[in-house]
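Novice: For the protein sequence lines, the chains are A and B, in the order given. Here the first sequence stands for residues 8 to 301, numbered as in my numbering. Here the second sequence stands for residues 104 to 365, numbered as in my numbering.
Read the hints as simulated data drawn from the structure, not as lab findings. There's no promise every hint is true.
[Said to hold, decoys possible] Taking lysine to aspartate or glutamate and the EDC-like style, the derived pairs with C-alpha atoms no more than 16 Å apart in a straight line are: (1) B:219 <-> B:148; (2) A:163 <-> A:143; (3) B:261 <-> A:18; (4) B:261 <-> A:64; (5) A:74 <-> A:193; (6) A:163 <-> A:64.
[Stated by the list, open to error] Beta-carbon label-pair distances, calculated as ranges: (7) A:262 <-> B:278: 28 to 34 Å; (8) A:292 <-> B:130: 29 to 35 Å; (9) A:263 <-> B:307: 20 to 26 Å.
[To be verified] Stretch by stretch, here's where chain B covers chain A in the computed footprint (C-beta under 8 Å, at least three residues): (10) 82–93; (11) 243–250.
Cβ coordinates follow ideal geometry from the N, Cα and C atoms, glycine included.
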Amino acid sequence: MSAAQRRDLRDGLLFTSPFIFGVLALWVGPMLYSVFLILHKWNMLAPPRFIGAGHFERMLNDPLVGKSLVNTAYYTFIGVPLQLVVAFALAVMLNQQIRGLSVYRTIYYLPSITPAVAFAVVWVQILNPEFGVLNEVLHWFGLGPINWLFEPGWAKPALIIMSLWLTGFQMIIFLAGLQGVPKELEEAAEIDGANAWRRFTNVTIPIISPIIFFNMIIGIIGSFQVFTTVFIMTDGGPQNATLFMVLYIYRNAFELFRMGYAASLAWILFLIIMIFTGIQFFFANRWVYYEGRL
Amino acid sequence: MIALGLTFLMPLAWVVSTSLKLPGQVFITPIEWIPTAPKWDNYFEVFRRLPFHLFIRNSFFVSIMGTIGMVLSSLTVAYGLSRLRWPGRDFVFTVLLATMMLPAVVTMIPVFIIFKEINWVGTFYPLWVPAWFGAAFYIFLMRQYMLTLPLELDEAAKIDGASNFRILWQVITPLCGPAVATITIFAFLQHYNAFMEPLIYISKSEMYTLPLGLLWFKGRFGNFWHLVMAASMITILPVIVIFFFAQRQFVQGAQFTGLAGR
């Protein structure tokens, strides 16, 4: 290695060292450490006690594990597609040459950047069965009242409805993508006689499919880890209808001090998310179009 | 279009309107959207009941420290990943892409125990120090931006005998304005909006950040909707102000993010 190469290597490592250290201290180290936690029973007061696969046996007999998995899956697999549809529809609307674009953009975007605690507190009141705005609006159409957060069957749909109000960030990403669709392609398709719908499905969608894919991946990873809203709005109730995985992990770790059990649950959730992310990447080349790779 | 816009606006409009009402007006149906004689004193009442000035100070301290760390670490690491050529660079970059997609839940508990071992639980450090090691997404964003700058800049400076540190701070950083602006905004909001970290690490009430303070307020005065809404508004307001001053960066940020998808 020449002196110049050595200097390059030294500077490369030096400049990236914050990240390298961060990955070791905040990812690799903790993940290895949690393997230790999984194998031990520990309440942080008494010394850790080795129990091998005990936590996994316990999970099989813990009805709340299955319950929280089903709840999380429900919230993710019904919620995320709806969020994507809403975000995409809003973006398509904003992509027309409409008046007051920046006003609408602000209105749709703003909710998604407000602190989760604040909108959770606000939505508890909005969903209030007696005095909430949502039931009042339903009443105009002769519907309701619905017991939203107080009825096991309605609590998850209520949270999903709220999540639709928070899709502004995905919308902005879609909008940026739509604005990047080359005009020539649309015009060429028009000359070839494609109507608006065909142009949309055969030109626009394929061009922005990487962005749909990106939003889907990020959306599913985030949705599997939803915490703040349920912690504040329902605390898992009614009758555990909104007990999601991360909430259950939080409870085990920081309310019941079962560090080993909580770490084991976290690993299960981690593996589930990784598997679903992997599946999506596996199927991606069937529908995601990347320019320059036909 | 207008109806849909109003639907999205409704929750926010309702917060503002409720926060300005007398207790008796809150539960009147149909809802009075524009309260007659707005009661601005509700906002002062919030400060009289709980020390919101402390929560604001704490929130801003954590957010500013976290943001500075995030900007500096993104610039430094992105420089190493985009403008220097060295063996192992591609490997580090691959690791970076991987951590972007790793669910953070898996490290929540071990990281807590590590911070407890070094006596950081109950301090602000766990809330802002990690930002100084960089976050994959922001580094990635900065790297993509740096790749668009011509390499001749560095070469010219190198011929003049400048070290990599000088090139980064005096040549590259001044050209990274848009990326720095975007990261500043997003990192600030990320720290400002954070809930789980303060919940886990902060226990003394005078160290609460705004989200914890708001939750405390709701727990103690939950029946006073007009005050809870005023407290919510106090928490939301800085975000709205930032948004109106930095709309361009927000949209730009989304465009960068969209690029990340490609």
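Novice: All hints are to be evaluated individually against the structure, with a verdict given for each.
Specialist: Going through the hints against the structure:
| no. | hint | in the structure |
| --- | --- | --- |
| 1 | B:219 <-> B:148 | violated (37 Å) |
| 2 | A:163 <-> A:143 | violated (20 Å) |
| 3 | B:261 <-> A:18 | holds (14 Å) |
| 4 | B:261 <-> A:64 | violated (62 Å) |
| 5 | A:74 <-> A:193 | violated (48 Å) |
| 6 | A:163 <-> A:64 | violated (29 Å) |
| 7 | A:262 <-> B:278: 28 to 34 Å | violated (50 Å) |
| 8 | A:292 <-> B:130: 29 to 35 Å | violated (56 Å) |
| 9 | A:263 <-> B:307: 20 to 26 Å | holds (22 Å) |
| 10 | 82–93 | violated (count 0) |
| 11 | 243–250 | violated (count 0) |
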